[in-house]
Amino acid sequence: MLTKEEAYPLPFIGQYLGSKAQFRLVALFQYRNGDDEVDVPVDFVTDGGSIPPIAYSIIGSPWRGKYVEATIPHDYSRSIAITPEDYKNADRMFLEGMEICKVKPWRRRVMWRFVRAHAWWCLRKWRKENANKRTIT
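First residue of the sequence shown: 16, per this note's numbering; consecutive thereafter.
No lab work stands behind these hints: they were computed from the structure. Among these hints, one or two may not hold up.
Calculated cross-link-like contacts (lysine-lysine; reagent style DSS-like; alpha-carbon spacing at most 25 Å) [to be verified]: (1) K143 <-> K117; (2) K103 <-> K119; (3) K103 <-> K19; (4) K143 <-> K19; (5) K143 <-> K119; (6) K103 <-> K117; (7) K81 <-> K19; (8) K103 <-> K143; (9) K119 <-> K19; (10) K119 <-> K81.
What follows is a set of in silico ranges between Cβ atoms, one per label pair, in the way DEER data are often shown [to be verified]: (11) P56 <-> L17: 20 to 26 Å; (12) P56 <-> T98: 38 to 44 Å; (13) R122 <-> A36: 16 to 22 Å; (14) E52 <-> R128: 22 to 28 Å; (15) N104 <-> P56: 16 to 22 Å; (16) P24 <-> R122: 37 to 43 Å.
Using N, Cα and C, we set each Cβ at its ideal position, and we do this for glycine too.
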């Protein structure tokens, strides 16, 4: 397994926006793991771990956990995802990234299940919105 420094060769550098719920990158951020290579561009805005405040005592805050580096390429990959497979790959990278960052197994499983549930919800909504938009050729 890669070290954190190998998987995330550049530090995340940016600025908090507003109430510190969002963070804008001011430098390129990278994730490297086998065939997975994600370059998160300057000016990308992320909310870190999308953790509701009620869960802070269990998971931690969005910007203080060992998982922070894993959230950035995950959020970016999700933002450009087109297919259900793209979402699945982004979520897989998030799980692998948390393992590289040495997030405790129970915590990374809980967080991964929440992001997969969110992907299911988004896909369900997308299918409902596009059910009648089929093209006949």
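| message | Taking the earlier hints as the rules, which of them does this structure contradict? | response | 1, 4, 5, 12 and 16
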